[in-house]
Amino acid sequence: MDRRTFVQASCLGSAILFLDGLDPKALGDVTLPEPPPIEIVHGLRSTKSRLGMPGLFPGRVVEVSDSNSIVRNRVSQAVVRVMVERGMKELTGEHSVAAAWAKFVEPSDIVGIKINPSGAPACCSSPEIVREIINGVQRAGVPAGNIVIYDRYEYEIDIGSYQALLPPGVRVVGIQDGLVDAGYDANVYCQATFFGEWENRSYMASIVAHSLTKIINLPTMKDHSASGVTGCLKNLGYGTFNNVARSHRSPYSFTDPLIGVMCSVEPLRSKAVLHIMDGLRQVWHGGPLTQVQDFIYQAGILYFGTDPVAIDTVELEAIEKKRHEQGAPSLWAHDADSITSNSQEFYNDPKRNLFYRRPGHIASAGKLGLGVADLKRIDHGRIPLG
Amino acid sequence: MPESSKTYEPSRVETDWPTLLYDTSRTGGQGIRGAKAPEHVRWHVRMGSSVRSAPVLRAGVLYVTSMAGSLHAIDVEKGRQNWQFQAAGHIHSTPSLSGQKVLFGCDSGKVYAVDCNSGKSLWETSAVAEVWTSPVIRDGVAFFGSADTRVYAVDVDTGRKQWTQELGGRVYSTASVGKLHVYVGCGDGKVYCLDVSSGKTVWSTATGNGIDSSPAVAGDAVLIGSEDFFFYTLDANTGSVRWKYETGLGISSSPAVYEDLAVVGSKDGFLYALEIQSGRLRWKVRVSDVVTAPPVMGSGVVCIQSGGTEAFDIGTGSLVWRAGLGGAVQSAPVLTADAIYVATNDGEVYALE
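In order, the protein sequence lines correspond to chains C and X.
Mapping the first sequence onto numbering that gives the first Met the number 0, position 69 (from 1) lands on 68, and the numbers just tick up by one.
Mapping the second sequence onto numbering that gives the first Met the number 0, position 39 (from 1) lands on 38, and the numbers just tick up by one.
If you are wondering where the hints come from, they were derived from the structure by calculation, not from laboratory data.
From the three backbone atoms N, C-alpha and C, an ideal C-beta is built for every residue, glycine too.
A portion of the hints provided could be inaccurate.
Taking beta-carbon pairs under 7 angstroms as the criterion, some of the chain C residues facing chain X (in silico) [as the list claims (entries may be wrong)]:
| hint | residue |
| --- | --- |
| 1 | S48 |
| 2 | P120 |
| 3 | P167 |
Excised from the complex, chain C in its bound form (with noise of 0.2 angstroms):
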């Protein structure tokens, strides 16, 4: 029984997933604890989509840029909606826009997009690119009641001013505010201990569970302090799921592999069904949270595609690039004496980290079945437009 079915034969009832740690690049001489199995219990009956991830479109990128969408930290409207247009019409090789967004959802349907506001102002999803999706969908057919923009945090939510922002008629979620946990079925979790936590549990957020039909993941482009980096798969499994920053306690992480888990889980993958990848700003050092303009490049770059794991290899490829350009020890760098406790110290120098990075985790959601992490069997179009 490999993984993906192992997942899947637990829809009905319970299993316990086994995965090695997996840093197949691994620098420097530490020894990582090996990850402890991770339990999946859901009790819903969810039927899969064949538009769940990977999608319609395996191993495929499609890499629009144009350096007139960001201008002085300033996103334009107007550049990002030909972006959106000529990203979304590339990757399903339709010849309007309307079609591309029939593509993945159809009038009937309950759209969430899942946005990255943590981070924010400094670098979360930029309000433009969610506009542009909202006009998408209602170009399919989706009236703006049935279109909701969510996150775990609404004060994140706030400080991004998303809800002022948005067109009239969308609704904006904040899955919790803060200090209670509401919004997540207790019926659906993922269960391990990491650090010997009193609350071993991550519970799937009711939205996702129950109210929503399809998912459009709008993620932003960073270096992560405990995952490497954080895109597709970390927005969306860690924006689903409560009570993960257990998942990492300095200096050690378990993002990998838990991050592929939680995305695994139905019905967050079948729901899933298309991938849009703020990359417009870029943090090459200090995600996710950093507020320091020295680390943030502006590329003006959107990644479009289906399957999470070839994106997240994209990013990963790009970050890693950005950092060597600049001197930063590679993701894949686990060197003790660049270990602080010291969170300014962090944010503030890029060779240090408060944890040993596992960008490890895209290729486990890859061996999940999510997507094709091999940079040689990604299809990575790319189209300059300015």
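Dock chain X against the given chain C, drawing on the hints supplied.
Using the frame of chain C, we list chain X on its own:
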């Protein structure tokens, strides 16, 4: 002729703080002699849920709304709750006081008037979508905006709608209301001037992105920030841009006004003091965190909740004191001669003295 938007209700005593930033001119308690460095916590009360609005104060009672949908009336002497009123949804709206009523909106779209003494509902009215704005009361009328894109004017005694005006986007900006005009920002990026008696648009001025900030009116100038990174000063009569000042990121903080100075925070983490007449920067200072809350003026200091609560010298911008309480988002402290009242994102309310 431009009108002053200052409204002082006759029953108010010096320590009253009846609406967001003290009065509809957003003067923020500039005449109050207190605002000294707090030395200890007199009391603190747990709300049981995050507080995302600013408290208001009248006659020794602090009114606080919470994300659990509750309005709390707290006796400031004892630090004990007098009563609690449960609304139909989360509350982001800062309450406003008028006579013996406390008004606020909630995420269900309802706006409530609750009796200050008993905590009983007096009336309620509804918008179509959430009301995060604070009702602003002038001459017996309460004005508020909603995410349904409308601005509403309702009778403060009955809740009966007098007019509604549809704008081009969501309204999360709390209005500033003068004798003749209502000024408000909108998610469509425009600043609107509406006729106070009919709601008809007198003028509108576009900025470069949506507006989450609430305007202040100083003389014949309307002051407001935009998510386009600029802070604007508009002519209150015509809407023409007199000057705009560029910050490093979007502005959702609302300005506070002190004599010839407007102080506003930006999401770039700086607090800016700008001369209203010229737009000249008098000082700017980095604060602890991102600024989305409005600053509040005390005697000689400007207070801001950003990470903690910090007070800066109004003349120079130098740090006077800091209390590690508060957090960012929309809350703002209430300053009195005796104490500072702070509500936090973690759901605590503190009386500092």
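Indices of hints not satisfied (ascending): When the structure is compared with the hints, only number 1 turns out to be violated.
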